[in-house]
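Asks: Start from the sequences and build out the full structure, keeping to the hints where you can.
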Amino acid sequence: MLYYRLGSYQMSESLLQQALSDTRLSDEQRAVAERLLRDVSARNQPSQLSGSIMVGLRRQTNPSARSEADQVYSAGALVPLLPGFKPKADNDLQLTARLDHRYDLGWQNEATLVSSFTGQIVNFQSSSGRQLRANQEQPYNLAWAEFTTGVRFKPSAASLPGWYIRPYLILTELAAQGHRYLSNQGLGLESEYRISEKTLTSAIYEYRDYKYSERIDIPNAAQLAGPDNHLRFQLAHELAAGHFISATLGLRKHQTGRDYYDYDGQELRVTYSTSFASPISGTVGSYWHSALWTGVASRKYGGPDPSIHSGITRKDDDWRVGASLSIPISSDWSLLMQLEQARTHSNIPNYQSKNTSSLGALVYRF
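Residue numbers (numbering that gives the first Met the number 0): 0 to 365.
Hints listed in this document are in silico derivations from the structure and should not be mistaken for laboratory results.
Ideal Cβ placement from N, Cα and C applies to all residues, glycine included.
Don't take each hint at face value.
[What the hints assert, rightly or not] Here are the simulated DSS-like cross-link-like pairs (lysine-lysine), alpha carbons at most 27 Å apart as the crow flies:
1. Lys85 to Lys353
2. Lys252 to Lys197
3. Lys210 to Lys314
4. Lys299 to Lys85
5. Lys299 to Lys252
6. Lys299 to Lys210
7. Lys153 to Lys197
8. Lys314 to Lys87
9. Lys353 to Lys314
10. Lys85 to Lys314
11. Lys252 to Lys87
12. Lys299 to Lys353
13. Lys353 to Lys252
14. Lys299 to Lys314
15. Lys252 to Lys210
[As the list claims (entries may be wrong)] Computed beta-carbon distance windows for the label pairs:
16. Phe365 to Phe146: 18 to 26 Å
17. Gln44 to Ser306: 55 to 63 Å
18. Glu172 to Arg257: 21 to 29 Å
19. Pro278 to Gln47: 30 to 38 Å
20. Ala133 to Thr355: 26 to 34 Å
21. Lys299 to Tyr363: 25 to 33 Å
22. Ala221 to Ser274: 46 to 54 Å
23. Asp99 to Leu324: 19 to 27 Å
24. Ile120 to Gln47: 23 to 31 Å
Replies: This is the structure we're talking about:
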């Protein structure tokens, strides 16, 4: 297990093969060793392809983050919020796919070309058709795809063997109601350092250039476009066997063609996760996975929006808490259940909202 965690998969494979030849192994130990051996055998191949496909049904009480206030600002005056724009619950069916490919370049610094593709389609029950409307009341049906690729390597394999970096390219497309909505391209840099067997740190910087499509529902597309800078730090630590805690700090600067669309953001998220043996009899070697998380995010905008209120600059604080449980059905299939509560506090009632989201999904991993 030590060599597996440290990324020494060839040594791990050899030791696992020796362990499996020991007749004293219990059924549960043998099942765990066989699962790890399949994993390290795949990791030792020069070309590795892995991924997952998820089909899920989600219920949200306020998917469009509509204001929960009775009155909102319009050109500086408080006016009643129209019934069609008040919070409304909805269901959506979603399909998510992820592919990860790694190719070992065979260099002494353990350089590996790492490429990832993620795609998602979200179809809301209340939203149908491809017709675009200037003030659509229903949530958008969405289709999203992102591709990243870059070489992951050790810049100082001899003196800092636990340090990896990966510069990479980013390409993203988003469609809403079957029509192109926005795209962004950019560059990223990921740095990862393993302090010890149980502690891992990482930092990710991404620069993206956002561009919005000219549509009837985006009359200000040119003003919304601009650069986005995002920096994330993460610390992950194993508290005990099967128990992990991680903290992520995010810093973001989003720039556009208008100061009231610009914002500076900060986010802190803490996650506790655990794996435990299945409580169902007859499932030796099967482990359930659960997670609890909480987070807070803050956004401060660059100036007041005169169409809302010329004397107030928007400031939002988001709070969220959630839980998830993953139950294996077979070696490849699992059932995922997730619940999250989110609330946005804003100094402008137009953006005061809350949402409860519940998800049930089937996940296939390969």
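Asks: Determine for every hint whether it applies to the structure shown.
Replies: Going through the hints against the structure:
1. Between the alpha carbons of lysine 85 and lysine 353 the distance comes to roughly 12 Å, so the proposed pair stays at or under 27 Å and holds.
2. At roughly 32 Å between alpha-carbon atoms, lysine 252 and lysine 197 are farther apart than 27 Å, so this suggested pair is violated.
3. Straight-line distance between C-alpha atoms of lysine 210 and lysine 314 comes to about 24 Å, which keeps the hinted pair within the 27 Å bound.
4. The suggested pairing of lysine 299 with lysine 85 holds, with an alpha-carbon distance near 24 Å, which does not exceed 27 Å.
5. Note on lysine 299 and lysine 252: the hinted pairing holds, with a Cα-Cα distance of about 10 Å set against a maximum of 27 Å.
6. A hinted pair counts as satisfied when its Cα atoms are at most 27 Å apart, and lysine 299 with lysine 210 qualifies at roughly 22 Å.
7. The straight-line distance between the Cα atoms of lysine 153 and lysine 197 is roughly 20 Å, inside the 27 Å bound, and the hint therefore holds.
8. The suggested pairing of lysine 314 with lysine 87 holds, with an alpha-carbon distance near 24 Å, which does not exceed 27 Å.
9. A hinted pair counts as satisfied when its Cα atoms are at most 27 Å apart, and lysine 353 with lysine 314 qualifies at roughly 16 Å.
10. A distance of roughly 21 Å separates the Cα atoms of lysine 85 and lysine 314; the hinted pair therefore holds under the 27 Å criterion.
11. Pair hint lysine 252 plus lysine 87 does not hold up; C-alpha atoms about 31 Å apart against a cutoff of 27 Å.
12. Taken as a hint, the lysine 299 and lysine 353 pair is honoured in the structure, with Cα atoms around 19 Å apart against an allowance of 27 Å.
13. The suggested pairing of lysine 353 with lysine 252 holds, with an alpha-carbon distance near 24 Å, which does not exceed 27 Å.
14. The straight-line distance between the Cα atoms of lysine 299 and lysine 314 is roughly 5 Å, inside the 27 Å bound, and the hint therefore holds.
15. A distance of roughly 16 Å separates the Cα atoms of lysine 252 and lysine 210; the hinted pair therefore holds under the 27 Å criterion.
16. Restraint check, phenylalanine 365 to phenylalanine 146: a C-beta distance of roughly 19 Å satisfies the suggested window 18 to 26 Å.
17. As the Cβ distance of glutamine 44 to serine 306 is approximately 57 Å, the hint placing it in 55 to 63 Å holds.
18. Range check, glutamate 172 to arginine 257: Cβ separation about 24 Å, and the 21 to 29 Å hint holds.
19. Between proline 278 and glutamine 47 the beta carbons are some 33 Å apart, a value that agrees with the proposed interval 30 to 38 Å.
20. The hinted range of 26 to 34 Å is satisfied by alanine 133 and threonine 355, whose Cβ atoms lie roughly 29 Å apart.
21. Checked against the hint of 25 to 33 Å, the C-beta distance between lysine 299 and tyrosine 363 comes to roughly 42 Å, which is inconsistent with it.
22. Our hint of 46 to 54 Å for alanine 221 and serine 274 holds, since their Cβ atoms are close to 49 Å apart.
23. Roughly 24 Å separates the CB atoms of aspartate 99 and leucine 324, a value that falls within the hinted 19 to 27 Å.
24. Roughly 26 Å separates the CB atoms of isoleucine 120 and glutamine 47, a value that falls within the hinted 23 to 31 Å.
Checked against the numbered hints listed earlier, the structure breaks hints 2, 11 and 21; every other hint is satisfied.
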